[in-house]
Amino acid sequence: MSKATRDAYGEAILELGKANPDIYVVDADIGKSCKTVPFFEQLPDQHVNVGIAEQNAAGVAAGLATCGKIPFVTSYAVFGSMRMCEQIRQEACYPKLNVKVACSHGGFTPANDGASHQGIEDMGIYRTIPNMTVIMPADYYSAKKLVKAAAEYYGPVYLRFTRDPIPFIYDEDAEFEIGKAVTLKEGNDIAIIANGDIMSRAVAAAEELEAKGHSVRLLDMHTIKPLDVDAVTAAIEEIGSIVTVEDHNILNGLGSAVCEIAAEMGKGKVKRIGIQDQFGESAPYDRLLEKNGVTVENIVASAEAVMTSKCC
Amino acid sequence: MTRDEKVAYLKEKAIEMRKTALTMIHTAQSGHPGGSLSAADFVTALYFDEMNVKPEDPKWADRDRFVLSKGHVCPILYSALALREYFPFDTIYTLRKEGSILQGHPDMKVCPGVDISTGSLGQGLSTAVGMALAAKRDKKDYRVFCVVGDGESQEGQIWEAVMTAVKYQLDNLVIFVDNNNLQNDNTCDVVMPTGDLKGKFAAFGCETHGIDGHKMEEIVDVLDTIRDVKNGMPKVVVGKTVKGRGVSFMENVVMWHGVAPDKEQFAQAIAEVEGGLK
Chain A
293 MSKATRDAYG EAILELGKAN PDIYVVDADI GKSCKTVPFF EQLPDQHVNV
343 GIAEQNAAGV AAGLATCGKI PFVTSYAVFG SMRMCEQIRQ EACYPKLNVK
393 VACSHGGFTP ANDGASHQGI EDMGIYRTIP NMTVIMPADY YSAKKLVKAA
443 AEYYGPVYLR FTRDPIPFIY DEDAEFEIGK AVTLKEGNDI AIIANGDIMS
493 RAVAAAEELE AKGHSVRLLD MHTIKPLDVD AVTAAIEEIG SIVTVEDHNI
543 LNGLGSAVCE IAAEMGKGKV KRIGIQDQFG ESAPYDRLLE KNGVTVENIV
593 ASAEAVMTSK CC
Chain B
-9 MTRDEKVAYL KEKAIEMRKT ALTMIHTAQS GHPGGSLSAA DFVTALYFDE
41 MNVKPEDPKW ADRDRFVLSK GHVCPILYSA LALREYFPFD TIYTLRKEGS
91 ILQGHPDMKV CPGVDISTGS LGQGLSTAVG MALAAKRDKK DYRVFCVVGD
141 GESQEGQIWE AVMTAVKYQL DNLVIFVDNN NLQNDNTCDV VMPTGDLKGK
191 FAAFGCETHG IDGHKMEEIV DVLDTIRDVK NGMPKVVVGK TVKGRGVSFM
241 ENVVMWHGVA PDKEQFAQAI AEVEGGLK
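As given, the protein sequences belong to chains A and B, one line each in that order.
Numbers in the numbering used here are just positions in the first sequence, counted from 1, shifted up by 292.
Each step along the second sequence adds one to the number in the numbering used here, with nothing skipped, and position 264 is 254.
Because the hints were derived from the structure by calculation, they are not lab data.
All figures in this text were calculated on a predicted structure; none of them were measured in a lab.
Glycine included, C-beta positions come from ideal geometry on N, C-alpha and C.
Where hints are given, some of them may not hold.
[To be verified] So, partial list: chain B residues that the calculated Cβ filter (under 10 Å) puts toward chain A:
| no. | residue |
| --- | --- |
| 1 | Ser110 |
| 2 | Ala124 |
| 3 | Thr154 |
In isolation and in its complexed conformation, chain A is listed as follows (with noise of 0.2 Å):
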């Protein structure tokens, strides 16, 4: 079973905003591919569109978010962390104010839209800027958990979906703390740290390990900022061995993050598996994670690589 993970933000924003009339939706013309139409049609005076103008739809929601409201501006991963990039950083980071950027189409999911559309540096971009906060859910429950644990949060934080459907990972009643990785299985021989769309990958790798023998710690690091820095510490203490897996540029996101951490302790040998740094093109989205390496079959062998290699 599978769902994309727009779908889950369109369901929770909605219901957060029949449950809390100071929720916002700013869309900017594409209010249809976010999932944003049922609130608009329901919730017409919590709703603005403004057309295709990130730039300006980031500055009007720092505007309502400094009347109360709790603007989620949304967009697709591209526009809402470049387009808009700076607008957010000066309106809503700078003076952190409660602005949520919700963005589908992240990472490769937008498959046969090509390059111009799949947002691969997004993360990274919000990741070094200071005050923001960075999730990527890796399931449509997540996703819906993960969206109104921001909505409580104060403060700004982008949220990246996906386009296209993908595999149930968690159950409805589970539970997520922004900045808190979740455990997925526990083990001592090797760590993969994943996020997002790829973790359906993530966790087949961490069974066909298992059958081979090797005992493997599965964490979702669905926030990227803050990480989890006990949780990437207590791997790099315990473990050592470390995989990191994301539909996502090598550079600057999931996999900067924790080589962050394991390079300051000194200690831990990490192999990021994601994007290199090369921009995509119209194809299957299965194609083009092969095409950079986020493949069962890589992460299998990266973690037995970085097990039994002093380096790598």
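Given chain A's structure and the hints, the job is docking chain B onto it.
What follows is chain B alone, placed relative to chain A:
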């Protein structure tokens, strides 16, 4: 107060405003005097008469909002806030110093009375639109005043914001365009001609007014005219202004965009400003 008494009172306040702004820039030896002086008269009329604010309760929910979209001219905003006692007057001597609430560009987190942090051109107007929209949705009657530079209107986001203000019928939004025709590098005509700004805002669907942005009589009259007009149209006042107005050697001189006067220049500037606008 009669209109004439009000005009006379505001002219006196404008002198204090200019002196205060020049004093803080001179003390800091850094800042933007030219635009501070061109926006001085309109900002004076807002803070000493037009805006419904409570300096003792700067976050009062029903207050009128002020957005300095051209955030670099914050010395004139800080002067208004200091003279209206949002903070102790002596704070002006800390402009741009480490730890000061008077940052080089306005910081709402630390400075009472600053409704939004600005400084990156083109962005403030969008936030003002958000504030005005919140007022409409909440059925509150506060207004939002936003000062935009003519050079700043070269930013496309300004026009995105104007379209949104028109779409949502934000007649509670008042945009003052500080039309001094100078920007950082040169005149607007040389750098990027902004053309007929009044006509452009009108073409977007705003109610527009053109005034001499230094004639307090015209400022007071236009504010009177637009105050209670609920016609669904955002209000735009294009003020023809002179950068550096009130200090002869700064007037219409590009260099005075972001340079602080030295001791002698400061003494001359204060002497000229004390005489009021000629």
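Tell me the numbers of any earlier hints that the structure contravenes, in ascending order. Per hint list: zero violations.
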